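*Asks:* This is what each chain is made of:
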Amino acid sequence: MFSFVVRRLMVAVPTLLILVILSFVLMYAAPGGPFNSERPLPPEVLANIEAKYGLDQPFWKRITDYIWGVVAHFDFGPSFKFKDRSVNDIIAQGFPVTLTYGFWSFVLATVVGVTLGTAAAIKQNSWLDYLAVGFSVGAQVLPNFVMAPILLLVFTLWLGWLPGGGWNGGEWPYLIMPVIALSTSYMASIARIMRSSMLEVLNTNFIRTAQAKGIPMRRVILRHAMKPAILPLLSYLGPAFVGMITGSVVIDAFFSTGGIGTFFVNSAFSRDYSVMMGITILVGTLTILFNLVVDILYAWIDPKIRY
Amino acid sequence: MTFRSTLMATTAAVLTIAGGTAFADGHATHPVTGEVLAADQTFTYRDLDESPSIDPGMVEDAAGGDIVRDLFEGLLNQDADGNIVPGVASSYEVSDDLMTYTFTLRDAKWSNGDPVLASDFIYAWRRAASPELASPYSWYMELMAVENVSEVIAGDMPTDALGISAPDDKTVVVKITQPLPYFPQMLTHYTTFPVPEKVVEELGSEWTKPGNMVSNGAYVLTEHVPQEKLVRERNPMYWDNENTIIEKVVSLVINDEDTALTRYLAGELDRTEVPAGQFPALQAEYPEDVMSVPYACSYYYTINLSDTANPALLDVNVRQALSLAVDRDIIVHNVLAGGQKPAYTFTHWATAGFETPETPMVSMTQAERNAKAVELMEAAGYGSDNPLSLDLIYNSSSAHESVAVAISQMWKQTLGVETTLGNEEWQVFLETRGNQDYQVARAGWCADYNEASTFLDLMQSESGYNDAKYANAEYDALMAEAKTSDNPQAAYTAAEQLIAQDVPIIPIYHYAADKMLRHNVKGWPYNNFQQNWYARDLYIVAD
Amino acid sequence: MFPNRTTVEDIENAAALAEVQGRSLWASARARFMRNKAAVVSLIVLILVAAFALFGGFFAQWERDFVDFSLMGRNAHLGVPSFETGHYFGTDNSGRDLFARTVQGTGISLMVGIVGAMVAVLVGTLYGATAGYFGGRVDGIMMRIVDVLMSIPFMFVLILMLVIFGRSILMLFIGIGLISWLDMARIARGQTLTIKNKEFVEVAVATGVHPLRIILRHIIPNLLGIVVVYATLLVPNMIIFESFISFLGLGVQEPNTSLGALISEGAGTMQYGTLWQLLFPLFFFVLTIFAFFFVGDGLRDALDPKDR
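Protein chains in written order, with the numbering used here: chain C, 1 to 307; chain Y, 1 to 543; chain E, 1 to 308.
Only chain C is shown next, with the shape it has when bound in the complex (with noise of 0.2 Å):
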């Protein structure tokens, strides 16, 4: 298992250089650059500007430069739209922040799924299964862009009861709105994922044996069933990462919250390279991380598997 990891970590670092080399020619390639304004910028004032940033270097000094400066400083550079801020300050800002909101929304949605999948699953095909199954893919096809304004002319508006939005350092009330509505796009998937796995483990001859030997039916769930079941919601995890970070835009965009959502976005919008490198790097690491972790889950779960 230890040289497995360490032979993962180090495949990491060339996958995450490739990354890196095909974002930067990615961004390359995308018409519009960064500095276009609704007026035209004098041609002196552009070469200025193109000077300051380096963008009139050729392409391998640029990326080469680049590298190094995050490699050696962990500097990823000026944000070109932002001209006050550097990527470092950027990401320091609004990462914790979609991290936090990212983080209870997975939460409440895992609780809530993993319960209601379980629940649908024991009492398959009863009013308990379709209730289930029912409120939760109900909660998901409500796109979180209509939810949210849902949310707050419910909360905010007639009752009164939550701010309208912002982070105010990521105090408890500014977390509950955003948290339910982002938590809702993943609710579904996690019950019927769950539901489903748990179907099958529960036809398993192991979990007949166990019922047959007596085992009330909650150890049977809690101690037999779950392990086995929640494999395929492991899988799920990476993807819910990154949807969860691409999520966070509709949730930034109406609660105000600062984080690195709308930043992605926005810097894709004006073509902010250095803050979209910045994020991609950010993502990227963590995205391998997630798997290796979800792999490792996997193998210490499953014990027939063997890489």
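In short, the hints are calculated from the structure, not lab data.
Since the model is a prediction, treat every value here as computed from it, not as a measurement.
Keep in mind that the hints are not guaranteed to be accurate.
[As the list claims (entries may be wrong)] Beta-carbon label-pair distances, calculated as ranges:
| no. | chain 1 | residue 1 | chain 2 | residue 2 | range |
| --- | --- | --- | --- | --- | --- |
| 1 | Y | Asp476 | C | Ile18 | 51 to 61 Å |
| 2 | C | Lys61 | Y | Ala379 | 53 to 63 Å |
| 3 | Y | His519 | C | Gly160 | 12 to 22 Å |
| 4 | E | Gly135 | C | Ile18 | 17 to 27 Å |
[Unchecked claim] When the alpha-carbon atoms are kept at most 25 Å apart in a straight line, the in silico DMTMM-like pairs for lysine to aspartate or glutamate are as follows:
| no. | chain 1 | residue 1 | chain 2 | residue 2 |
| --- | --- | --- | --- | --- |
| 5 | Y | Lys469 | C | Asp302 |
| 6 | C | Lys52 | Y | Glu378 |
| 7 | C | Lys52 | Y | Glu201 |
| 8 | C | Lys52 | Y | Glu206 |
| 9 | E | Lys198 | C | Asp302 |
| 10 | Y | Lys412 | E | Glu254 |
| 11 | E | Lys198 | E | Glu254 |
| 12 | C | Lys52 | Y | Glu202 |
Quick reminder that beta carbons are idealized off the backbone N, C-alpha and C, glycines included.
With chain C's structure known, arrange chains Y and E on it following the hints.
*Replies:* Quick look at chains Y and E alone, frame taken from chain C:
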């Protein structure tokens, strides 16, 4: 005690009790109007997006300008009607040839106690024009025609060659290369604001963070969370501080305007934008809280006249027909419904000193315009058997989409034109339009200063902003004449008539600033054409 | 697996049945599907929705891009659904007939969902199963490629593609499908890792069956359960993803529309008294997704080999 001292003591006692009572209630009154002020003097408003910068030399957007106008102060300011009033400069003189301006500075201080000196202005101007800073607004200095500015920007001359100098600590002398009647107006613009030299040199780009920033305006920056909020609070060192009433200004970044309206109605904001088409309903429900005032921008469609044009559009009859068939009243009353006015000229009707000429289209009814449009189209050879097809692009926004959908339908219903709509995201849109890679594109132009040439200069053949690539020597001659004439209106009228005749652009409407503004916020500069507002001019009355 | 009574009987009967015309596996799957009432109802619903999308245009009294200027913007609240005016579903914020727009939107959303999901399933399953089966370095490299691709900001790729190749519906399908196969590959690979350790796979390897045949005949049918369930999760996700893209302004171009775009517009005007603009497209959206879900579940129950 003598009678006199008793009197003084009594007076003092009475005043103290009276004043104390007022403060004990927590309700002060406005020194001039006597209205009772609210206890909480915090003004909270919405911004659409985070500004790219709040460094005065680098600001490039209107929202950033609003922030910088509260934090810093330039030589001159604007009052509620848009007229020039003294800022850091208590007075100024102009030379006889109108090319040298001498400003006398008052005793003002930075928020850290340092005095505001002429050298701060010199430093700021040189910095804004310097190639190192590469400010996206350095072209404004060129617009001001400061001596040697183009060479400094291009790096051909050192920054100290710029036509600004400080003979002593309290005097600033600016030399410009041609007389500009609107030059003082241009000094209210943020790129000309001073910056604290020592702080900037020491901290570099970190100087704009709260806690580091030193400013000379009515407020200092106390909190800044990008994409969330920015808070500025009273600067006790400001020279006019005792007249500042608002204690705290908060700007919240809310991308979606419907969400912003919801939060406004929930009481979280004092000012927000009105979503397109909702103005009449909101006006009916909250008549005291809505405002709609003319705002210095024009909305138009630009037509590509270069070699990459759609050949059909090179026929002026076709362009005329397209312009005639646009029912601007519907756009203004049905689609936008925010107090905008239809545009038959390029220059905004409310621009200072401008009289909107009566171009041929103005006096026709829409039915007449439609009939003429059909006639022109048929003369050009297009009709129901040979429909014209064209591409119309606009940048992503629901308001632009509504207008484009409406106009393309008007063209279809009246002229049978098949329009392909293209919704492009901003950067791509700018590139496409800037490279003349389009047929018809949406455009908007806002005034840099309150005078008609800020619009009309665009259509000159040499203008870098002339996306239509309109080239008319007569037009260029008119604009050159206007610069030096005593009464430029004649030249402007002729220029507008040329535009109406050649139709390089289709003017659609003139902007209005329509907002929700709580009725207890007073002092708003409704008549300021560029909607330059200063928080220190505002105050909040008790409900 | 302990031989139980059913299995033994099956083996006995199998030989006897060999010459007799037996029921194919798909036929028995179909029978199982038909027994699931919810699935059958949902299938009918889906067919009806598809019919609505295909033929609804004939019932529309208005062209779908015709703008009624008296019902735009400030007067949008007058565009109430009614039979007399022919605006069965009312009008949208630009004064266009919502019925005709919903018909078109449903069609495009269905196409996006189905085509996107199909691309994802086909490409992703094969890729993931191959990676999981071969394991070792092949698996490592293939999955690293997936990781790299997953880490590329998809928004950017999509913008790039939409700009270079022009904004067309086809481009949207391809773009969405190409991005979503990555999830499927991960899941397929994960399941393959579990399946390949089962006895029947060991047997196949031992008897020298070609790896491609093993993948196609043994591994993939056993993946089908999870793949089908995830595929029917994919269709609504594709539709939601497309609506997210429309929300960002990159989706189908005017005057074309999709359910996602309609819902996005409707959600924005919710508070101005024009609820029908949200409710009608949302109704079709919800209906379609619920139907896909029940059908997917029915398919899973029908196809799962373990139930045999």
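*Asks:* Please list, smallest to largest, the hint numbers that this structure does not respect.
*Replies:* The structure breaks hints 5, 6, 11; every other hint is satisfied.
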